[in-house]
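Novice: Chain residues, written in single-letter form:
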Amino acid sequence: MPSVNGSDVKKLVIACDAGMGSSVMVASTLRSKLASQGVEVVHTPVSEIPADATVVMCHAGLAARATSTAPHAVVVPFSIFIGDPAFTKVENAIKNGETLES
Amino acid sequence: MSFSDAQAKSQANKNRTGPGIGAHVQRFGRFLSGMIMPNIGAFVAWGLVTALFIETGWLNWGGDGGVAADSWIARIGGWGEFDGAGLVGPMITYLLPLIIGYTGGRMIYDQRGGVIGAVATTGVIVGSDVPMFLGAMAMGPFAAWCLKKLEALWTGKIKPGFEMLVDNFSLGILGAALAVLGQLLIGPIVSQLVEWAGEGVDFLVDNSLLPLTSILVEPAKVLFLNNAINHGVFTPLGADEAAETGKSLLFMIESNPGPGLGILLAFLFFGPRMLKAAAPGAAVIHFFGGIHEVYFPFVLAKPKLIAAAILGGMTGVFTGVLLNGGLVAPPSPGSIFAYITFTPPGGYVAMILQVALAAIVSFAVASFLLGFGREAKREDAPQDPAEAEQPAPTPVAAQ
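In the order they appear, the protein sequences are chains A and B.
Just so we're aligned: 72 in UniProt numbering is position 72 of the first sequence, and the numbers increase by one with no gaps anywhere.
Just so we're aligned: 350 in UniProt numbering is position 350 of the second sequence, and the numbers increase by one with no gaps anywhere.
Source of the hints: derived by calculation from the structure; they are not laboratory data.
These numbers were taken from a predicted model, which means no experiment stands behind them.
Treat each hint with caution, since some may be false.
Claimed, not checked - Partner residues aside, some chain B positions facing chain A, computed with beta carbon under 7 angstroms:
1. A23
2. R30
3. M37
4. F224
5. N227
6. A278
7. G281
8. A282
9. I291
10. E293
11. V294
12. P297
All C-beta atoms in this analysis are idealised placements derived from N, C-alpha and C, irrespective of residue type, glycine included.
Looking at chain A on its own, in the form it has when it is part of the complex:
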């Protein structure tokens, strides 16, 4: 199981099916929250997650595909697009240097 310390996260990848709709929305929300931490937040289609991704967030229904595209990345699934606890968890892990794992 891949794992990463929150303080080492420099780039957070948000993935959705097309990489044009919901992931853009989630990414823009998280970008403003994580701007102070120097973390770059990007959005991609789940089939095109970049190879250097360390932490990927996507909806639970797409997590299997995210894991197969980026087997070395920590995949953190969420269930609802607004106010999911998973967002808070990743945010806190990055801010406080806690460990994240798939």
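Dock chain B against chain A, hints included.
Specialist: Below, chain B alone, put in the same frame as chain A:
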């Protein structure tokens, strides 16, 4: 129901479809929609030009405006004295299939795949008498795949300094051959297939069977096959129909924001606490922003609500069949603003009823299924036993 309970349910639901199978279907769907979605902006441009300038368009008051047949409007729209010319025809006949073929090729073999995809797509376009969306979706990736296989034969074996010569001529020769093949053989075949598909749709419409598609579409939609179904199937078929008749109901089957809105409103009034709080924001993003994904988790949390989505969707499609509804171009994202923009003159009553009735039916059914709030009260009251039933070995870190 607590949030984590909802999550456990959706997780269990996912596992029920079997590991991998859902992902494979999603992946194939992504392959189809991935050729269309990056190009939706071009569809919007074509849709705007069409809605404004064709003979039955807005600038001619739906055909009653008395615009002269030699006017600049006719010149752009390609009617009257300019029949066969104008912007509308070339955009849908050449521009849209070509960029789809290009995108499809690029998905297989980068830039060179895109180039040969466009070259080969030109063949199927001229070899057919209907707009070649399906032809482009087949020919673009196929041509790129051929080039990839061909070049694999001599990769690394070319004398230094001759790479460019070999690259350009291998693409050029293969592209020319595929374009000729496309015009003479593949174009007519795909043309025939599109005609049959169109007849199939007509059959469904004529026999009022089109609403039944919702039975498949709505469940598939919340399993994140929304783009695959809409842009893999309905957008190309609908664009063919719209090119012929000026509008298509197929654009409104998956993209109708009514059913999702009804479900979100039902959660707003009768949902359990966790989901209730997220419902209003989700409803705004869904209905006005057109990001339908935000309501899928609500249905996944309470799978029986799929009945509300299906009945709402069927109501919308049935209303469309009854009132001869349709849009001139694919509304993407499925926002009410896109619906308003692409409604043809005289089509507003049908469009508004399609969305509103779908929302009302789905709201009513969803409210009933949520027990008008009784279920939420029951679930919100006791301590939450959900932690115990979390599936332990699944790769979910969000609990």
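Novice: Against the earlier hints, flag every one the structure doesn't satisfy and list their numbers going up.
Specialist: none
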